Every structure is written in C-alpha cells, then in structure tokens.
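As they're listed, the protein sequences go chains F and G.
The first sequence begins at 1 in our numbering and counts up one residue at a time.
The second sequence begins at 115 in our numbering and counts up one residue at a time.
Keep in mind that a hint or two might mislead.
[Claimed, not checked] EDC-like, lysine to aspartate or glutamate: derived pairs with alpha carbons at most 16 Å apart:
{"#": "1", "chain 1": "F", "residue 1": "Lys76", "chain 2": "G", "residue 2": "Glu180"}
{"#": "2", "chain 1": "F", "residue 1": "Lys76", "chain 2": "G", "residue 2": "Glu137"}
{"#": "3", "chain 1": "F", "residue 1": "Lys59", "chain 2": "G", "residue 2": "Glu180"}
{"#": "4", "chain 1": "F", "residue 1": "Lys76", "chain 2": "G", "residue 2": "Glu140"}
{"#": "5", "chain 1": "G", "residue 1": "Lys948", "chain 2": "G", "residue 2": "Asp457"}
In short, the hints are calculated from the structure, not lab data.
Quick caveat: nothing in here was measured; it's all calculated off a predicted structure.
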Amino acid sequence: MPQPTDLLQGTLDLLILQTLVLEPMHGWGVAQRIQQLSKDVLQIGQGSLYPALYRLEYKGWIRSEWQITENNRRAKYYRLTPIGKKQLATELAAWDRLSSAIASVLGRATEASA
Amino acid sequence: MISELLTRLRFLILRKRRSELDEEIEFHLEQAITARIAAGTDPAEARRQALIEFGGIELTRDQCEEQRPGWWVGTVVQDVRYALRGFRRNPLFTISVLVTLALGIGATTAVFSVVDRILFRPLPYAEPNRIVSLGFVHALERQEFMMGRFYVEWQKNQTPFSAIAAQSTGVHNCDLVENDPEQLSCISFQAGFLPLFGISPVLGRNFLPEEDRPEGPPVVMISYGLWKGHYNGDPHILERMINVDGHPARVVGVLPKDFQYPTLESADIVSPFALDPAAQQKVNGGFGYPERVFARLKPGVSVEQAYAQMQPLFNDDLKWFPPSAKSETRLSIRTLRDRETQDVRPVAWVLFGFVLAVLLIACANVAGLMMARGAVRQRELAVRSAIGASRGRLIRQALTEALVLSFAGGLAGLAIAQALVMVFVHLAPTGMPFISKTHLDLRIAAFAALISCLCGVIFGLATALQKPGLTALNARVSMSRNHAFLRRGLVATQIAISITLLSGAALLLRSFTKIEGQNLGMQTGGVLTVKVALPWWRYNTPQKVMDFYLRLESSLQRLPGTRALAVTDSIPPGGWQGDFRFSDLQVQGKPPIAPGTGGTVVGRSVTPDYFRALDIPIVRGRNFSDQDRTGDGREVILSRLLADHLFPGENPIGKRLLPGAHISSGAAAIVVGVADNVKNNGLTEQSDPEMYTLRRSVVDDWGGNHLLVIVDSAMPAATTGPWVRSEISSIDHTIPVEMEPLNQTLNRLADRPRFETTLLGFFALVGLVLAVVGLYGLIAFMTTQRTQEIGVRMALGATRANILRLIANDGLRTVLVGLAIGLGTALAVSRMLKTLLFQVSAYDLLTYIAVPLLLLLVALVAILIPARAGTRVEPSVTLRSE
Numbered sequence: 001m002p003q004p005t006d007l008l009q010g011t012l013d014l015l016i017l018q019t020l021v022l023e024p025m026h027g028w029g030v031a032q033r034i035q036q037l038s039k040d041v042l043q044i045g046q047g048s049l050y051p052a053l054y055r056l057e058y059k060g061w062i063r064s065e066w067q068i069t070e071n072n073r074r075a076k077y078y079r080l081t082p083i084g085k086k087q088l089a090t091e092l093a094a095w096d097r098l099s100s101a102i103a104s105v106l107g108r109a110t111e112a113s114a
Numbered sequence: 115m116i117s118e119l120l121t122r123l124r125f126l127i128l129r130k131r132r133s134e135l136d137e138e139i140e141f142h143l144e145q146a147i148t149a150r151i152a153a154g155t156d157p158a159e160a161r162r163q164a165l166i167e168f169g170g171i172e173l174t175r176d177q178c179e180e181q182r183p184g185w186w187v188g189t190v191v192q193d194v195r196y197a198l199r200g201f202r203r204n205p206l207f208t209i210s211v212l213v214t215l216a217l218g219i220g221a222t223t224a225v226f227s228v229v230d231r232i233l234f235r236p237l238p239y240a241e242p243n244r245i246v247s248l249g250f251v252h253a254l255e256r257q258e259f260m261m262g263r264f265y266v267e268w269q270k271n272q273t274p275f276s277a278i279a280a281q282s283t284g285v286h287n288c289d290l291v292e293n294d295p296e297q298l299s300c301i302s303f304q305a306g307f308l309p310l311f312g313i314s315p316v317l318g319r320n321f322l323p324e325e326d327r328p329e330g331p332p333v334v335m336i337s338y339g340l341w342k343g344h345y346n347g348d349p350h351i352l353e354r355m356i357n358v359d360g361h362p363a364r365v366v367g368v369l370p371k372d373f374q375y376p377t378l379e380s381a382d383i384v385s386p387f388a389l390d391p392a393a394q395q396k397v398n399g400g401f402g403y404p405e406r407v408f409a410r411l412k413p414g415v416s417v418e419q420a421y422a423q424m425q426p427l428f429n430d431d432l433k434w435f436p437p438s439a440k441s442e443t444r445l446s447i448r449t450l451r452d453r454e455t456q457d458v459r460p461v462a463w464v465l466f467g468f469v470l471a472v473l474l475i476a477c478a479n480v481a482g483l484m485m486a487r488g489a490v491r492q493r494e495l496a497v498r499s500a501i502g503a504s505r506g507r508l509i510r511q512a513l514t515e516a517l518v519l520s521f522a523g524g525l526a527g528l529a530i531a532q533a534l535v536m537v538f539v540h541l542a543p544t545g546m547p548f549i550s551k552t553h554l555d556l557r558i559a560a561f562a563a564l565i566s567c568l569c570g571v572i573f574g575l576a577t578a579l580q581k582p583g584l585t586a587l588n589a590r591v592s593m594s595r596n597h598a599f600l601r602r603g604l605v606a607t608q609i610a611i612s613i614t615l616l617s618g619a620a621l622l623l624r625s626f627t628k629i630e631g632q633n634l635g636m637q638t639g640g641v642l643t644v645k646v647a648l649p650w651w652r653y654n655t656p657q658k659v660m661d662f663y664l665r666l667e668s669s670l671q672r673l674p675g676t677r678a679l680a681v682t683d684s685i686p687p688g689g690w691q692g693d694f695r696f697s698d699l700q701v702q703g704k705p706p707i708a709p710g711t712g713g714t715v716v717g718r719s720v721t722p723d724y725f726r727a728l729d730i731p732i733v734r735g736r737n738f739s740d741q742d743r744t745g746d747g748r749e750v751i752l753s754r755l756l757a758d759h760l761f762p763g764e765n766p767i768g769k770r771l772l773p774g775a776h777i778s779s780g781a782a783a784i785v786v787g788v789a790d791n792v793k794n795n796g797l798t799e800q801s802d803p804e805m806y807t808l809r810r811s812v813v814d815d816w817g818g819n820h821l822l823v824i825v826d827s828a829m830p831a832a833t834t835g836p837w838v839r840s841e842i843s844s845i846d847h848t849i850p851v852e853m854e855p856l857n858q859t860l861n862r863l864a865d866r867p868r869f870e871t872t873l874l875g876f877f878a879l880v881g882l883v884l885a886v887v888g889l890y891g892l893i894a895f896m897t898t899q900r901t902q903e904i905g906v907r908m909a910l911g912a913t914r915a916n917i918l919r920l921i922a923n924d925g926l927r928t929v930l931v932g933l934a935i936g937l938g939t940a941l942a943v944s945r946m947l948k949t950l951l952f953q954v955s956a957y958d959l960l961t962y963i964a965v966p967l968l969l970l971l972v973a974l975v976a977i978l979i980p981a982r983a984g985t986r987v988e989p990s991v992t993l994r995s996e
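Can you build the whole structure from these sequences, using the hints too?
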C-alpha cells in the first residue's frame with residue numbers, strides 16, 4: 001500500500017465539494033469516495049473531515065439533512081448549495097491555474113537538469 | 115455573500131446541539147466497523163482499528179465546535195468569568211493591582227489633560243504654526259512690541275509675511291454706559307487681525323477697511339460672553355448702538371465663544387485699531403503709539419528666514435533710537451506658540467516627566483504583582499495544560515485577566531483623573547495659561563484606555579509566556595531563579611525612579627520655603643491696598659484726578675484705626691511698576707552714565723506716609739514731609755541699592771538729580787533720604803535699585819491712571835474694607851473699587867511656585883507609595899516562597915534574628931542598588947529643574963542626604979514587616995506541610 005499523501009492546504013475543501021457535486025452523501029461516504037477515486041493515495045483523516053464539513057456548512061456552501069440510508073439507518077447527508085456550486089467552479093479554476101503553474105515550473109526544471 | 119452572512123447568523127443564534135454530531139460520528143464508526151467485518155476482520159479487532167483510525171473523538175468534537183462562527187465569544191465570557199472568580203479568591207492582589215493602576219492611569223490622564231494644551235495641542239487658529247509674534251524687545255519689555263512709526267514702514271516694506279496686523283498693547287478698562295455703568299475690558303485691533311488668525315465672527319462681520327481708519331464710523335465687536343451674558347443672547351444685537359466710555363458705537367459682530375487672544379487676555383469689547391500713519395510721526399516723541407504685532411509667514415518661509423529679511427528694516431528703525439536704547443533693543447520674531455507658552459513650558463515638561471515616571475512605577479508594580487501571581491499559579495496552569503488546554507488558550511486566559519484588570523483600573527483611573535483635574539484647576543494660579551480650560555475629553559480618555567491596555571498586555575504576556583512545565587505539576591518550590599531576578603530588578607527600578615521624583619519635589623519644596631521665608635524689606639500685615647478705577651473719560655484731566663485722590667485721602671485718614679495712609683502708583687514686590695533705565699539717570703555735576711549699563715531702576719511716585727504704611731526704614735537722611743508736598747522743591751528718596759550704585763562711597767544726601775528719567779521737567783531734584791531695600795522685582799528675581807519721587811499736591815504729579823491707595827490700619831481688613839468702600843462711594847458712587855489685603859496679594863504671587871510644589875510633591879508621594887507597595891509585595895512574596903527553607907533552617911538551629919537578617923539583607927541589597935541608580939539619575943536630571951528653583955542649587959546637599967535617608971527608612975519598614983512575619987514560621991508545621 002502506497003504511503004498516503006498529505007493534503008495541500010485548502011484542497012480538502014475542494015475535494016469534498018467535488019465529491020458532493022454528483023449526489024448528496026454522508027461523511028463516511030465522502031471519505032470512502034475520495035479514497036476510492038484517488039486509488040488509496042488520499043486518505044482523509046476523520047479528524048479533519050468532520051471539521052471541514054462543518055466549516056463548509058457554516059460557510060453556506062453545503063447543507064445537511066438527516067435521511068434514511070439503503071440499509072435503513074439514519075444518517076446525515078450533505079448536499080451542495082448553489083453558492084457551493086459557484087464556489088466549486090472558482091476553486092477548480094484556481095486549482096487548474098496552480099497545478100499548471102507547478103507543472104510548468106517542474107517541466108522547466110526537468111529540462112534544465114537534462 | 116448575503117446568504118452566507120445569513121447562514122452565519124443563523125448558526126450563531128441556533129447553536130448546534132452536540133448530540134447531532136455524536137450521532138454522526140457514531141454512524142461513521144458503525145460503517146467503518148461494518149466494512150472491516152465484511153472484509154473478514156474479527157468484530158472486536160474491527161472496532162479497535164476503526165477507533166484508532168478515527169482518532170480523538172473529543173478533539174474532533176472540539177474542532178467541529180470551533181468551526182462555528184463566533185464560537186470564541188463563549189470562551190471569552192468563560193475566561194472573564196474565570197478571571198473574576200480568581201480575583202474574588204485573591205482580593206488583596208486584586209485591590210493592589212486596581213489601586214496601582216487607577217493611581218497611575220488617573221494621574222497620567224489628569225496631567226496629560228493639563229499639559230496637552232501647553233505642549234501638544236495646536237493653537238486654535240488656522241495653520242497656527244505659521245503665525246508669529248514680532249517686534250522689538252528690550253530690557254524693560256521682553257514681549258515683542260512695536261512703535262507706530264516703524265509699524266507703518268514694516269507694513270509697507272515687509273516681504274516674509276502674507277499678512278501682518280496689529281492690536282493695542284493690551285486690554286484697558288472701559289465703561290459700558292447704560293442705565294447702570296458697568297466696567298468692562300476693551301481692546302482694539304486692525305481689520306486684518308481676525309483674517310490673519312483665520313477667525314470669523316459667529317454673528318455679523320469683521321470690521322471693514324473703511325471703519326478701521328481715523329475718523330471712521332464708530333463700530334465695535336463684542337465678545338460671546340458679553341453677548342450671552344449682558345445682552346441675553348439678543349438676536350437683534352447687530353445694528354444696536356451701545357455706549358462705550360461716553361461714545362455711541364454700532365455693534366457689527368460677535369466674536370466666537372472660544373476665541374483666544376494671542377496675548378491670552380480676555381476682552382469684552384473690540385474697536386477698530388484705526389491706525390493713523392501720519393499721526394504716528396508726531397505722537398509719543400515721534401515714535402508713535404506702541405502696539406503688539408502678529409504676522410503670518412508666507413508658505414515656505416521659516417522664522418529664521420523671516421528674521422533675516424526683517425533685519426534691514428529693523429536696522430533702519432534703530433537710527434531713530436536714542437543711543438541709550440539702541441544697544442539694548444533687539445528684533446524678535448518667534449512663533450505664537452512660543453509667545454503663549456514659553457514660560458510655562460518647563461513646568462509642563464517637568465510635570466509630564468514626573469507623571470510618566472509615576473506611571474512607570476505603577477506599571478512595574480503591576481508587572482511584579484502579576485508575576486508573583488503567575489508564579490503561585492504555575493501549578494494550576496500546568497494542571498489546565500495537562501487536561502487539554504492549549505497554549506493559546508492559556509495565553510488568552512492570562513490576557514483576559516490582564517485586560518479585565520486594566521479595564522477596571524482604567525475606569526477607576528478616569529474617575530481619579532476627573533477629581534485631580536478639578537483640584538488642579540482649583541489650585542492653579544491665574545497666570546497659568548489654558549489651565550482653567552482644562553477638562554477631560556475623549557482624546558484623553560482614549561489615551562488612558564491605551565495606557566491601561568498597554569499595561570495589561572505587557573504584564574499579561576509576562577506571565578503567560580512562561581510555559582508551564584510538567585515539573586510545575588509536582589514541584590514544591592516553583593519560583594525560578596531568573597524570575598526572582600527580574601522582580602528584584604523591577605523593584606530596584608521603582609526605588610530609583612522614586613528617589614528621582616522625591617529629590618525633585620524636595621528641591622522645589624526647599625525653594626518654596628525660601629520664597630515664603632525671604633525678607634521682603636517691608637511690613638505687609640494690616641495693610642489694605644485699594645484700587646480705584648477712575649473712568650478716564652470723566653476724570654480726563656490731572657486736576658480732576660488729583661482732586662479725587664486728595665479728597666479720598668483726607669476722608670480715609672479720618673477712619674478709626676488708620677495708622678498711615680498713602681497714595682502711590684505701584685507697590686512692591688510685583689505687578690506693574692514704573693521701570694526706567696539706570697543709564698537715563700543724570701547726576702548734577704557728574705558725567706552722564708554710559709548708555710546701556712546698570713540695568714533697570716524701579717521708579718515710584720508716592721506720598722510721604724508710604725514708608726510708614728509699609729514700615730520701610732529710612733536709613734539715612736529723612737523721609738518726605740508734608741511741607742514738601744506743598745513746597746516748591748522737588749525731593750527724591752533713593753533705595754540703598756541705588757544710592758550705592760550712584761554715589762559709591764559718598765554721602766548721597768543733598769545731591770541733585772537732573773530732570774529726565776522719572777523726574778518731570780523743571781528743576782533738579784534733591785536727594786533727601788535713603789530707604790532700605792525692598793523686594794521689588796517679583797518674589798523670585800533679583801531686586802532692582804529703586805527711586806521714590808514725592809507725589810506733591812501739584813497737578814503735574816497726577817498724570818497717569820495707575821494709582822493705588824494703601825491703608826495701614828489697626829482694624830481688620832473685614833472692618834476697614836466696607837468703610838473704605840462707603841467713603842469712596844460718597845465721593846463718586848459709580849466708581850468700581852478693588853480691595854485686597856497686601857498679605858493676600860503676596861500670597862497670590864507665590865501661587866505659581868506653590869502650585870508647582872504641591873503638584874510635584876503629590877506625584878512624588880504617589881510614586882513613593884507605589885514603590886513601597888512594590889517592595890513590600892516583593893519581600894512578602896519571597897518570604898512566603900521560602901517558608902520551607904526557613905523551616906529547615908530553624909529546625910537546624912537558626913534563630914529568628916538570623917532569619918530576619920537573612921531576609922532583610924536580601925531586600926536591602928535591592929533597595930541599595932535602586933538607591934544608587936536613583937541618586938545618579940536624580941543628579942543627572944535635576945538640571946532640568948533649574949529654572950523653577952529659587953536660591954536652591956540643583957545639587958543641594960541637604961536634599962540629596964535627606965531624601966535617600968527618608969527612602970531608606972520607609973523601605974526598611976516595608977522590608978521588616980513582611981520579614982518579621984516570615985520568622986514566625988513554626989518549623990514543625992512547615993516541614994510537615996509537604
């Protein structure tokens with residue numbers, strides 16, 4: 001199993017928003033989904049997941065409600081709000097800018113060393 | 115944006131119940147366990163792994179809670195409550211800190227209110243830094259003045275100023291003639307005067323140029339006070355005719371309420387200056403009327419540049435001066451601020467320095483107290499930290515306590531400040547500019563708040579920054595070494611500052627007793643001075659003036675108890691006196707005295723009983739006699755000082771002085787006697803030589819209107835006063851009379867040094883008290899800290915005396931270090947007091963012996979009381995208390 005990578009500051013919010021864009025989900029689901037999609041590279045510590053969910057909710061980007069799961073269990077589902085959707089778009093754009101900037105720096109560095 | 119705000123608001127009000135989060139976490143764990151069991155893990159192991167993976171549930175809970183907007187408000191309330199509980203448990207500590215803070219902040223705020231106007235606040239004019247006072251100065255008049263003839267030239271030819279304007283030399287008495295005549299003070303200034311200062315009337319308008327010329331239409335402006343008081347704020351005051359000194363004039367404007375004359379005088383009525391350029395060359399020996407001139411510097415021109423540019427004009431003017439005056443007249447240009455505050459600025463700075471020092475002591479005290487408390491609480495802090503309080507939280511807690519204390523201290527301080535300001539204003543002598551206008555304002559309240567916050571933050575952090583170590587949990591003695599060193603340093607500093615303050619105050623006190631105790635050369639007990647303000651427009655000839663006074667003299671002489679009664683134009687030791695130059699005197703048969711030498715001579719024109727009334731001995735020759743008053747001869751009496759100057763080694767009696775200075779034209783005056791010296795140049799200055807001329811019953815001798823009657827009576831002033839008043843009103847009932855026992859006048863002259871001494875003495879005492887409290891606190895604390903050590907020592911055979919010596923030595927060393935530093939500082943800074951001292955050296959030996967002794971004595975008491983308490987330790991008890 002590869003060593004889990006530390007998350008970049010602020011990216012957790014982005015990942016949560018991105019995960020919730022498809023469908024409402026509970027906290028456990030969010031953690032599982034991120035782990036799954038990143039092929040176990042990104043493991044969300046629950047210690048930071050719930051504070052992040054609460055933070056996003058206080059900001060009004062996601063909203064929560066209690067629902068019944070498929071195996072008949074009460075769970076708290078989080079869904080993206082319209083503001084959250086807009087915020088996701090902004091954050092994605094910022095992420096793209098950042099990652100392309102990093103990529104180009106690294107690319108140049110590789111050229112120089114070659 | 116708005117919806118985010120609304121969400122925040124919703125959550126702030128409806129706090130999430132904790133159970134919801136618990137249920138969520140529970141669900142999460144359940145899922146994790148189920149998933150592990152499904153993967154084939156044993157249920158118990160699955161549960162264990164899930165819990166490990168999740169991490170601290172409590173921590174998650176706290177972190178989620180911290181996401182809530184405004185969650186910290188709750189903790190602040192918690193912190194404050196906790197702090198208050200702590201204070202209640204430890205009232206002695208709380209009270210010491212509060213009192214210290216309140217005194218420090220109160221004194222600082224009050225003094226800042228007083229000195230603010232003198233030192234820092236801009237004058238109440240437009241661009242006040244560009245306004246200057248300019249003119250001539252010489253030995254007899256140190257405030258700039260101008261003569262009309264030259265002013266006319268300056269107005270025309272000056273280059274450095276964008277505006278220049280004159281006012282009359284000062285206020286004069288005038289009568290508002292209505293049904294009942296009322297005496298007011300009047301002044302006059304040019305039409306350009308108000309615009310120069312950037313002031314416009316609150317009502318009506320300034321003088322027009324055509325009103326500000328000779329024979330212009332009679333108009334006046336009145337003060338806000340007169341308008342509101344005398345005229346009840348009459349809205350139709352403009353265009354009203356009022357009668358000033360018998361001349362009707364139209365009111366065209368009302369000056370602003372807080373208008374401040376550049377000379378700091380106050381006047382009720384202003385008339386146009388109406389400068390007549392042509393007349394200036396004729397009147398007053400061709401010099402023109404004197405006036406005060408103010409100007410506004412052009413942008414970019416400095417005072418020095420203006421001085422250089424005015425120098426040629428001044429040199430031209432000098433050509434007109436008699437040789438004697440040439441050498442001692444100078445050109446002077448200085449900023450208005452300098453003119454208004456120059457003589458009080460040293461006091462203001464000293465006061466400010468004193469009070470900052472007191473604040474410093476106060477802060478050191480509070481810091482010491484907080485540190486002591488911090489040391490005692492180290493264990494508590496360690497416990498809180500062990501059960502999960504974060505470092506930030508502990509610091510915040512400490513800061514909260516400090517801020518709560520400083521806030522309370524600040525409030526109490528403001529109350530003290532208000533009281534102090536009231537006392538200052540009450541005590542302040544009339545000559546102190548601005549002081550009567552002092553009040554606490556918002557700026558100053560903010561200043562106090564800032565100080566208290568700074569104090570709080572500084573000493574709060576001092577305690578919070580020491581990391582509560584684990585050792586503190588089980589350590590029995592928690593006072594660390596460098597901690598004790600720091601506190602000792604603080605106390606030594608306090609002692610040092612306190613010594614400096616005390617020496618300053620002691621120097622002033624010595625100086626003040628010298629002022630009070632000095633020999634004035636005259637007897638002031640039982641002497642009443644009566645000032646009659648004859649309206650000049652009715653008593654407009656010397657004949658009328660003489661008739662009035664001679665009548666008054668003879669009627670007052672008949673009053674019971676009158677021992678002696680005299681009319682004079684001035685009385686020593688201060689106030690207005692007829693000064694003239696020594697070099698203007700000319701002795702018959704002797705070469706003239708070199709111009710500009712010999713300084714100033716006081717001239718006084720008196721009736722014969724003057725010397726008897728004030729008990730001034732005639733040491734040679736004879737007094738004026740009643741025959742002299744009606745005779746043809748002209749007699750003078752010299753003071754001993756003047757006789758020695760004029761006739762060294764000769765008998766002055768019978769010598770003749772030529773007319774000129776102080777002797778009106780006519781025959782030469784003969785010296786008939788020599789009177790003993792009298793203090794005649796204020797209480798603190800070197801006395802001048804003095805010449806008395808006889809005020810004969812001849813019209814020529816009764817010009818001028820500075821006249822005083824002095825009554826030496828066997829009856830108390832309270833009895834004589836009304837009699838005098840009724841005698842005067844039986845001659846002319848409309849004349850205002852001012853009366854004052856001479857003793858009281860003298861007392862008032864000493865007001866200024868008394869004020870300074872009282873104030874600085876008070877602050878020095880406050881500083882001493884605070885420093886002693888600090889010392890006491892330190893010793894008491896250290897003794898408590900060493901209880902166990904003392905117990906062990908006693909168990910091993912140390913006597914109480916041994917222990918006492920041990921503790922006292924420790925304290926005394928601190929005091930001695932402070933004492934040495936303080937003495938050095940005091941000697942270094944006492945030079946600054948020089949201008950305030952009278953006949954006391956800034957390095958006065960007695961002061962520098964007495965003050966350290968006093969402090970040592972007080973310090974010893976402050977050390978011995980807690981030290982003795984320390985020796986009452988019962989070894990068996992302390993040893994077992996572990």
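Results of checking the hints against the structure:
no., hint, in the structure
1, Lys76/F x Glu180/G, "violated (20 Å)"
2, Lys76/F x Glu137/G, "holds (9 Å)"
3, Lys59/F x Glu180/G, "holds (13 Å)"
4, Lys76/F x Glu140/G, "holds (11 Å)"
5, Lys948/G x Asp457/G, "holds (13 Å)"
Of the hints listed earlier, the one the structure fails to meet is number 1.
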